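Residue numbers (UniProt numbering), protein chains in the order written: chain Z, 1 to 323; chain C, 1 to 339.
Worth flagging that the hints you see were computed from the coordinates, not collected in a lab.
None of the values given here were measured: they were computed from a predicted structure.
In this text, a Cβ means the ideal position worked out from N, Cα and C, and glycines have one as well.
Just so you know, not all the hints are guaranteed correct.
Claimed, not checked - Output of the computed footprint for chain Z on chain C, the stretches with three or more beta carbons under 8 angstroms from beta carbons of chain Z:
{"hint": "1", "stretch": "28-36"}
{"hint": "2", "stretch": "102-113"}
{"hint": "3", "stretch": "268-278"}
Stated by the list, open to error - A short, non-exhaustive set of chain Z residues, derived as facing chain C with CB atoms under 10 angstroms:
{"hint": "4", "residue": "Thr87"}
{"hint": "5", "residue": "Arg123"}
{"hint": "6", "residue": "Ser132"}
{"hint": "7", "residue": "Val140"}
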Amino acid sequence: MSATAFRQVTQDRSLYVPAGLFLVLLCAVAFRGQGLFTNNGLAGAILVATPLILTALAITPIVMAGRGAVDLSVGPLMGFVNVTLITWLVGNGITHPVAIIAWAVGLGAAFQLVQALVIIYVRVAPIIVTLSGFLVLSGVNLMVMSRPGGVAPDWMLSWGAGTSVFSPVLLLLLGAFAIWGVLRGTMFYRNLRMTGADERMAYTSGVQVDVVRIIAHMVGGVFAGLAALSYTALISSGDPTQGSTYTLQAVTALVLGGASLSGGRGGALGSTLGAINMFLISYLLSTFNFGTVSGFVTQMAFGLILVGSLLVNVFVISRRTVA
Amino acid sequence: MISTVLNTEIGAAGGSSALRKHKSISIGFCLLAGLLILGALLVPGFVSPQNARSILLLAAFLGLASVGQTLCALVGALDLSIPYIIGGANILLPSLMVAGLPAPVAMIVVLVLGTLVGACNGALSFRLQGQALIMSLGLGFAAVGAVQIYTSLGSQFGGTVFAPVPGWLRNLSAFNGKFFGLPFPPVIVIWAVIAVALGWIMHNTWFGRSLYAVGGSRTAAARLGISEFKVWTVIHSVSGAMSALTGMLLLGFSGGGFVGVGDPYLFTTVAAVVIGGTSLLGGAGGYGATVLGVLVLTVLTSLLVGLGLSFPAQQAVVGLLIVPMVAIYARSPHIRNQI
Chain Z
1 MSATAFRQVT QDRSLYVPAG LFLVLLCAVA FRGQGLFTNN GLAGAILVAT
51 PLILTALAIT PIVMAGRGAV DLSVGPLMGF VNVTLITWLV GNGITHPVAI
101 IAWAVGLGAA FQLVQALVII YVRVAPIIVT LSGFLVLSGV NLMVMSRPGG
151 VAPDWMLSWG AGTSVFSPVL LLLLGAFAIW GVLRGTMFYR NLRMTGADER
201 MAYTSGVQVD VVRIIAHMVG GVFAGLAALS YTALISSGDP TQGSTYTLQA
251 VTALVLGGAS LSGGRGGALG STLGAINMFL ISYLLSTFNF GTVSGFVTQM
301 AFGLILVGSL LVNVFVISRR TVA
Chain C
1 MISTVLNTEI GAAGGSSALR KHKSISIGFC LLAGLLILGA LLVPGFVSPQ
51 NARSILLLAA FLGLASVGQT LCALVGALDL SIPYIIGGAN ILLPSLMVAG
101 LPAPVAMIVV LVLGTLVGAC NGALSFRLQG QALIMSLGLG FAAVGAVQIY
151 TSLGSQFGGT VFAPVPGWLR NLSAFNGKFF GLPFPPVIVI WAVIAVALGW
201 IMHNTWFGRS LYAVGGSRTA AARLGISEFK VWTVIHSVSG AMSALTGMLL
251 LGFSGGGFVG VGDPYLFTTV AAVVIGGTSL LGGAGGYGAT VLGVLVLTVL
301 TSLLVGLGLS FPAQQAVVGL LIVPMVAIYA RSPHIRNQI
């Protein structure tokens with residue numbers, strides 16, 4: 001698997017920047033603090049980074065489908081699955097793992113199916129539909145659960161302990177990669193890239209662009225459901241307030257990973273690298289002691305790294321188009 | 001020769017967009033009237049000077065914050081730095097005044113800094129186009145982080161700044177402010193003046209028309225000798241300046257600096273632009289439409305508050321209404337008709 005990943009990085013120029021940044025950050029982290037490379041450190045890192053990686057993966061197929069379809073609703077959708085899981089299912093005594101996982105994945109996919117159908121049949125710009133989804137779900141989340149609280153099912157409490165690298169959270173992540181890996185080999189994936197790059201051309205070539213869009217959204221919804229599961233494991237409770245934070249972080253991770261918000265370019269590897277880079281940045285900054293202003297320094301540094309990496313990305317990609 | 005082509009071009013563009021804008025504006029007026037009638041019937045005291053004053057006051061803040069978003073939407077960009085610049089200005093102004101700067105000087109400094117952040121945003125994000133909104137987000141983070149570091153050095157209250165707000169600034173935007181003895185806060189007048197001026201600029205100046213030209217077709221605009229880069233940078237600078245102004249006026253409204261004051265404006269500005277009928281893809285719409293969108297959004301919120309809905313429920317209802325509102329006048333043609 002790492003061999004294919006390596007080949008992909010050397011072939012795809014849009015992955016140069018995220019991969020380079022990843023290596024630099026890894027060296028810096030190794031230099032600053034060894035805490036990350038212990039069993040506990042790595043387990044904790046996987047636990048914290050997985051919800052972000054999965055939300056970034058969740059918007060990847062939707063963005064790749066083009067038309068500027070940035071899914072703003074992904075953060076609140078994850079929150080919606082999280083709070084309904086805690087309030088409606090666990091609150092009513094339903095704690096069987098199969099029921100919980102089916103609920104999370106099914107709800108994510110169902111919501112995205114609705115969004116896709118609205119985009120296709122009402123024919124309003126996707127970003128407006130997802131903005132609407134963002135507002136509705138942010139409100140509904142707070143109506144379902146007015147403040148953070150509740151408890152995750154018993155069997156999930158051990159997931160959030162962060163003592164072992166090979167935890168169920170890692171399985172969620174690997175499961176998502178496996179789904180993506182299977183999709184990459186299918187006709188759907190090619191059609192998705194074609195639709196994103198030029199929808200009209202794809203349509204005239206006989207691609208069923210509507211079907212492609214529906215599948216892209218539903219795959220994104222499944223990933224959002226998995227993200228909600230890992231998020232529930234991370235906080236062991238419900239939290240209706242983190243939606244907009246996760247939306248902004250996921251979109252940022254996507255762009256840091258070299259995807260184009262106008263569609264056609266992007267992939268799971270880039271989004272994953274972008275999300276891991278964001279985690280590493282905040283981890284690295286937390287090893288410095290800035291006293292009371294540390295939160296602000298993190299925010300500023302984060303913003304500047306985002307700006308820098310976007311500029312480098314432009315440089316690399318524009319050279320490709322010239323060549 | 002070139003000017004003849006230019007004139008016919010602008011004339012044609014003006015004609016078609018005026019027609020489309022006409023439709024969206026009349027629908028907007030109907031919506032607004034419907035909401036007002038509904039409010040008068042359902043909520044006792046909805047039609048009263050107090051309520052009108054509070055609606056207009058809240059609409060003025062949203063309207064000022066939406067100026068930049070409208071201009072950006074007209075060329076197909078989104079500015080996500082608006083809430084961060086508002087928050088930054090809201091805490092930077094009091095801390096500059098605590099540091100001993102006279103209030104007017106401090107306000108000019110904040111305004112200039114806001115404009116500079118906007119200009120950087122425009123200049124850096126020009127090459128990115130589709131990704132420009134992430135650049136604005138990044139710069140917003142950087143700016144607000146820097147301001148917070150500055151304000152919290154030597155103070156133990158991160159994110160909140162306490163300073164005496166001058167009486168005239170308080171009067172400018174407080175609920176019980178007076179405009180030359182008339183019983184409404186002057187910020188409403190400021191908003192009205194800016195809206196009229198902007199409307200005039202958009203329709204009667206070279207710059208205003210080139211904004212629509214760039215939004216309509218980049219290639220055509222470039223052939224006409226319009227500098228896309230200049231347009232792009234100027235509108236982002238205006239957006240930064242207007243956000244800084246909103247942040248400072250909000251200080252007079254709340255009485256204390258708080259960095260999170262801008263957060264609600266992240267997506268409400270986009271919603272106001274969209275409800276007004278300005279296409280997020282660029283080229284069609286204008287600030288007049290956004291004013292209508294702002295009023296519809298504020299009256300709707302006020303109506304929902306009057307009906308006893310909590311903040312989350314209001315947000316959900318507004319979200320549900322966006323798609324049908326936009327669908328009335330901004331449906332895109334089927335893909336088979338786009339070829």
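Against the structure, the hints:
1. Only residues whose C-beta sits within less than 8 angstroms of a C-beta in chain Z count toward coverage, and the stretch 28-36 of chain C has 0 of them, not enough to reach three; the restraint is violated.
2. Counting residues of the stretch 102-113 of chain C whose beta carbon lies closer than 8 angstroms to any beta carbon of chain Z gives 0, which falls short of the minimum of three for the stated coverage.
3. Beta-carbon proximity to chain Z at under 8 angstroms applies to 3 residues in the stretch 268-278 of chain C; the threshold of 3 is reached and the given coverage holds.
4. Interface hint at Thr87 (chain Z): violated, since its Cβ lies 14 angstroms from the closest Cβ of chain C, which is beyond the 10 angstroms cut-off.
5. Below 10 angstroms, beta-carbon pairs count as interface contacts, and Arg123 (chain Z) has one with chain C at about 5 angstroms; its hint therefore holds.
6. The criterion of a C-beta within 10 angstroms of any C-beta in chain C is met by Ser132 (chain Z), whose closest approach is roughly 4 angstroms, and the hint holds.
7. Proximity of Val140 (chain Z) to chain C holds as hinted, the smallest CB-CB distance being about 5 angstroms (cut-off 10 angstroms).
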